[in-house]
Structures are given as structure tokens and as C-alpha cells.
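2 protein chains.
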Amino acid sequence: MNARFTVLTGGVGGAKLVDGLYRILPHNSLTAIVNTGDDFRHFGLPISPDIDTLLYTLAGKSNQALGWGREGETWNFMAALKSLGGEDWFNLGDGDLALHVMRGMALTAGEPLSGIIARFAEAWDLQLTVLPMTDDAVATWVETDEGLLPFQQYFVKRQCAPKVQAVRFEGAEAAVAAPGVIAAIMESDAVFVAPSNPWLSVDPLLAIPSIREALESTNAPVIAVSPLIEGKAVKGPTAKLMNELGLEVTNHTIAAHYGELLDGLVVHSKDEAPQSLAIARTDTLMKSAEDRERVARAVLALAKECRK
Amino acid sequence: MNARFTVLTGGVGGAKLVDGLYRILPHNSLTAIVNTGDDFRHFGLPISPDIDTLLYTLAGKSNQALGWGREGETWNFMAALKSLGGEDWFNLGDGDLALHVMRGMALTAGEPLSGIIARFAEAWDLQLTVLPMTDDAVATWVETDEGLLPFQQYFVKRQCAPKVQAVRFEGAEAAVAAPGVIAAIMESDAVFVAPSNPWLSVDPLLAIPSIREALESTNAPVIAVSPLIEGKAVKGPTAKLMNELGLEVTNHTIAAHYGELLDGLVVHSKDEAPQSLAIARTDTLMKSAEDRERVARAVLALAKECRK
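Here the protein sequences line up with chains Z and A, keeping their order. If you read the first sequence in the working numbering, its first letter stands for residue 3, the second for the next number, and so on. If you read the second sequence in the working numbering, its first letter stands for residue 3, the second for the next number, and so on.
A hint or two may mislead.
Across the chosen pairs, the derived CB separations fall in these ranges [said to hold, decoys possible]:
1) G74(Z) <-> G88(A): 40 to 50 Å
2) G87(Z) <-> S85(A): 46 to 56 Å
3) E73(Z) <-> P181(A): 27 to 37 Å
Taking lysine to any residue pairs in the SDA-like style, the calculated list, with each CA pair at most 20 Å apart, reads [said to hold, decoys possible]:
4) K84(A) <-> K84(Z)
5) K84(Z) <-> D127(A)
6) K234(A) <-> E250(A)
Now the stretches of chain Z that chain A is said to cover, found in silico as 3 or more residues with beta-carbon under 8 Å [to be verified]:
7) 119-127
8) 237-251
9) 281-288
For the record, the hints were derived by calculation from the structure and aren't laboratory data. Even glycine gets a Cβ: it sits at the ideal position worked out from N, Cα and C.
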């Protein structure tokens with residue numbers, strides 16, 4: 003039987019690591035457990051940004067130029083919406099709408115999100131398991147100097163400008179991990195934490211008690227990829243947010259954040275790293291498919307080392 | 003004070019007459035009361051085909067080539083939906099989706115359809131009143147040789163192929179006319195019945211008791227435009243349906259169908275007409291804007307004659 007691997011992931015950066023692993027591992031040996039704390043309703047439609055980014059990335063449909071959404075996207079819906087007085091701070095592409103409309107219809111019919119995402123992945127012939135972290139509602143809220151903001155208001159509407167004081171995950175304490183999530187963590191040969199924002203994109207998963215407990219008790223090594231490159235984040239507000247929280251923007255902080263959960267950390271070639279856990283170094287900037295595969299090989303190698 | 007006019011209307015043909023009247027009458031002297039028996043949910047979104055056709059037509063956004071939907075439409079949503087295994091028998095254009103998504107959001111928030119349509123008309127700067135016949139759910143069902151079909155299954159999915167035995171309007175008996183509908187009929191200087199399919203598109207309005215009673219008791223002359231031209235329908239299944247119901251495809255049948263409600267009938271130049279009511283003749287084929295205005299002038303003139 004093939005080795006089995008699980009990745010905990012958030013948005014764009016995480017999707018790249020999952021894509022790298024998916025490219026080099028045998029089919030159906032990978033499970034991605036995806037943050038749904040960013041999910042929200044917009045125009046009445048249920049949007050799952052991190053899941054959709056992952057599906058688009060793996061299916062080769064992601065928009066390389068934008069860094070989000072679909073390749074070859076058109077925007078007639080938004081233009082028509084605007085002409086009717088609709089809000090336009092969150093862009094929904096014409097093709098992208100299909101995921102949201104289909105998801106909305108299925109949720110209304112009572113199907114759990116995990117079942118819907120499994121159908122989407124199957125329709126696009128993806129040979130891995132994509133799981134939302136939970137079928138329950140968990141909502142990320144950001145406490146800022148401008149007040150408490152729903153995640154998308156902070157991230158998209160306000161472009162991460164407000165200063166972050168704390169992050170909350172409403173509903174996480176009571177949330178049940180989606181079917182398959184706990185088994186994937188417990189039965190994998192290694193669990194990876196993608197280079198997504200630890201505070202915004204990975205913490206929602208860790209805030210679900212059963213997921214944290216599984217990570218604490220699994221025999222599999224837990225290996226993270228640091229989102230930092232030379233003291234900066236590749237994309238998104240990680241470094242800015244760390245500063246605002248009064249944290250040093252270093253891999254020591256990343257390792258300390260995950261604490262006892264972590265057995266190993268993959269860091270960028272030139273960056274310093276803590277000595278308290280196993281470390282691997284590679285160029286962690288993932289632009290091309292080769293980059294993604296290189297980082298994937300680094301996490302797999304470090305996992306193998308940690309299993310010895 | 004300007005004279006006021008009201009039109010009862012269904013889909014494409016009806017929208018052309020309303021457009022003709024709108025072009026030649028002073029602003030804000032026209033009320034269109036629109037069939038909602040064709041309304042249905044598709045992919046969870048509330049679709050109002052006849053209302054939307056009218057809005058697109060009046061706003062100059064209608065697709066002349068297709069005969070339905072929006073000008074300059076794109077179809078990325080449908081393509082993406084199909085890739086996810088979604089049904090594709092009813093096409094929703096990318097721009098068109100904006101109306102359905104905005105309507106769905108507002109209905110969910112508890113706003114009545116009439117309020118939503120008024121906002122849409124205002125957003126597009128339309129200087130007339132567009133009213134759904136009712137804010138209640140009324141659904142047209144077609145009894146056919148293939149069984150009982152919801153309207154859109156008969157009309158779009160089966161392309162009117164099944165033979166019609168009867169037409170039913172579920173919910174009509176209990177439906178309340180939308181706010182403004184009864185006042186428009188009672189207080190107009192004339193009421194027009196557009197050249198829409200009498201059995202499928204106008205009968206839903208007449209099946210609402212308060213609308214029928216208002217038409218029976220208003221002092222305004224009620225003038226219909228026949229949907230027949232030389233014994234045929236311009237578009238759609240009117241003639242086929244009349245045959246299937248065992249009716250002669252003539253203006254006598256049209257006049258008899260509306261019966262006592264009607265004071266006058268505008269028929270095509272060359273067609274025979276009953277002598278039991280006031281008749282006007284013109285070329286009723288509406289291709290250009292000039293055609294629409296010509297037919298509008300004919301109904302206005304016949305109304306004036308009937309008021310003498």
C-alpha cells in the first residue's frame with residue numbers, strides 16, 4: 003500500500019504546496035484539509051475561497067495573472083450587478099459563479115459541504131481527497147483598530163489595512179471535523195502544514211478541538227513549511243500581521259506558534275531557523291510547477307527523516 | 003394630468019408592444035402588469051422570464067439575435083456549470099445572472115417581488131411602472147400527452163413538442179394582485195392586452211380573481227392585440243396550442259377567449275375579424291422600433307374610439 007499524506011492548507015500558497023505534492027505522489031495518496039473560516043455568503047451565495055482556490059489550482063484552471071479565481075475569466079455578471087446597484091467590493095467571475103451557485107443549491111438541499119466538494123473534485127477528475135475542515139459554520143473575525151471585522155471585510159474590502167489585534171474563530175469550539183479529517187490525520191505517514199498564514203488560515207483548523215487533538219496524538223510526523231522568505235511573506239499580510247501582534251518576523255516565531263504540534267519545519271534556503279526541531283532548507287518560493295515539486299520533495303524528505 | 007394606460011403582458015411579443023407604447027407616451031403614464039406564471043427556481047435562483055424580458059427590452063439591453071436574454075451576453079457560467087455536472091437545458095447568461103442573484107438575495111431577505119422589480123426598473127432609469135401580476139407564487143402547469151409538465155419543462159426543455167390538453171395556474175385562485183395592479187386597471191384611460199399567448203401568458207393574469215374582477219368592472223376600454231398574423235403566431239406555440247385544444251386559429255377564437263372582458267381588438271391588416279367588438283387593423287408584425295410604435299398608435303387610437 004502506498005504511503006498516505008495529509009496537508010492542512012489555506013489559500014494560494016497552500017494550494018501551491020498541495021499541487022506540488024499532487025504532482026509527485028501516486029494518485030489517491032493525498033488528502034487536503036482546507037480552511038473554511040474565510041467562507042461567507044455574498045449576494046446570498048456561499049463562497050469558499052480557500053477550497054475553490056485549491057480546486058482551481060489542482061484542475062489547472064487557476065488564474066495565474068490575478069493570483070486568484072479562474073483562468074480565462076469574464077466579468078459580465080459583476081458589470082450587470084453594478085448596473086443594478088449591487089456591491090462590487092468582492093469580485094465574482096462569470097465562470098467562478100458556477101461553483102457558488104451549485105454549492106448553494108446543494109447546501110439548500112441539505113447536502114454537507116464535504117459531499118459537495120467531493121463531487122466537484124470528482125467532476126474535475128482530481129485524484130486526491132479534498133476535505134473542508136468542517137461541515138459546520140466557522141467564521142474568522144479579525145479584531146482591529148477599526149473594530150471587529152468579518153474576515154473578507156478585513157482581507158478584501160479593506161485590503162488588510164486595519165491593524166490586527168487578535169483573530170477569533172466563531173463556531174470553532176463547537177465544530178465537528180468533517181468526515182475523514184480525523185482519520186486522515188491519524189492514519190497518514192506524515193501531516194504537512196502548508197505555508198499559509200498561520201494566524202489567519204491555519205489557526206481556524208487548529209481551533210477545532212478534534213483536529214488539534216488528532217495532531218497532538220497522531221504518530222505521523224507533523225511538518226510545516228514556513229510562509230516567510232527572508233523575513234517577509236510572499237503574498238498576503240503575514241509579516242504585517244506578525245508585526246501588529248508584536249511578534250518577531252522570524253521562523254522562531256512560526257515554530258513557537260505551532261509549538262509542540264510540530265516535528266519539523268521547512269524554511270527558505272537563506273533563512274535562520276530554530277534548533278528545537280528538525281529543519282530542512284530549500285528555495286520555498288513557488289512560482290513554477292518545478293518550484294512546487296521541489297518544495298514538496300523537501301517536505302517529504304524531512305518527513306521521512308522525522309519518521310526514522 | 004396625462005392620460006394613463008395599463009398593459010397586461012407576457013413575454014417577447016408583449017414586451018414589444020409595451021416598448022412601442024413607452025416610446026410614444028409621456029413618461030410615467032404607463033403601467034405594465036406582467037405574467038409571473040412562468041417564474042421558477044433554477045439552480046436555486048428565482049427566474050422571472052417575462053419580467054426580465056420586459057426590463058431588457060425597455061432598457062435597450064435585449065438580445066435581438068437570440069430573441070431572449072441580454073445583448074452582448076457571454077456564457078462562461080453555463081460552461082463551468084456543465085463541467086461540474088450541472089443541468090444545461092435552460093441557459094443563463096453571465097450578465098443575466100445578476101438579475102436572478104439580486105432577486106434571490108432580496109426575496110430571501112423578505113422583500114416582495116414587486117419591490118425588487120421596482121428597484122431594478124429604477125436602477126435602469128425606466129420611466130414607467132413595471133408590476134408583477136402578484137407577489138404570491140403562481141405556477142403555470144401544462145397538461146400534455148406526455149403528462150403534467152411545469153411550464154419551463156414544456157416550453158424550454160421540451161420545446162413545446164408535447165400536445166397540450168389543458169393549462170393550469172397553481173396558486174392563482176388564492177393569489178393577491180401585487181400592490182398597484184388593481185388601481186392601475188381601475189384608474190387607467192385604457193387597458194391593453196398584449197399580443198402574448200392568451201392561454202399561456204395572459205390567462206395566468208386572468209386566473210387571479212381580483213384582476214379578472216377589475217377588468218370586468220373598470221370603466222376603461224379593454225383592447226387586445228391579436229397574436230395571430232395570417233392564421234399563424236409570430237413566435238412561440240400559440241397556433242400549435244390552439245390546434246391541440248381543438249380551436250380554430252382565427253381572431254374569432256381570440257375574441258371569444260377574452261369574451262366580455264374585451265371592448266376592442268387590433269388585428270393584422272389582412273386578417274378577418276369578428277364583428278362583435280370594435281376592430282382596428284394594422285401591420286401587427288413588430289420587428290423595428292417603428293413597427294412597435296405603429297402598433298402602439300393603433301391600440302391607442304382604438305381605445306380613444308371605444309371611449310367616445
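Comparing the hints with the structure gives:
Take G74(Z) and G88(A): their Cβ atoms lie about 18 Å apart, and the range 40 to 50 Å is violated. For the pair G87(Z) and S85(A), the beta carbons lie near 31 Å from each other, so the given range of 46 to 56 Å is not met. Range check, E73(Z) to P181(A): Cβ separation about 47 Å, and the 27 to 37 Å hint is violated. Note on K84(A) and K84(Z): the hinted pairing is violated, with a Cα-Cα distance of about 26 Å set against a maximum of 20 Å.
With a CA separation close to 14 Å, the supplied pair K84(Z) and D127(A) stays within the 20 Å bound. Restraint check: the Cα-Cα separation between K234(A) and E250(A) comes to about 11 Å, which is no more than 20 Å; the hinted pair holds. Evaluation of the coverage hint for the region 119-127 of chain Z: fulfilled, as 4 residues show C-beta separations to chain A shorter than 8 Å, against a requirement of three. Coverage of the region 237-251 of chain Z by chain A is violated [criterion: at least 3 residues with CB-CB distance below 8 Å; count 0].
Counting residues of the region 281-288 of chain Z whose C-beta sits closer than 8 Å to any C-beta of chain A gives 0, which falls short of three, so the coverage hint is violated.
Hint compliance for this structure: hints 1, 2, 3, 4, 8 and 9 are broken, all remaining hints hold.
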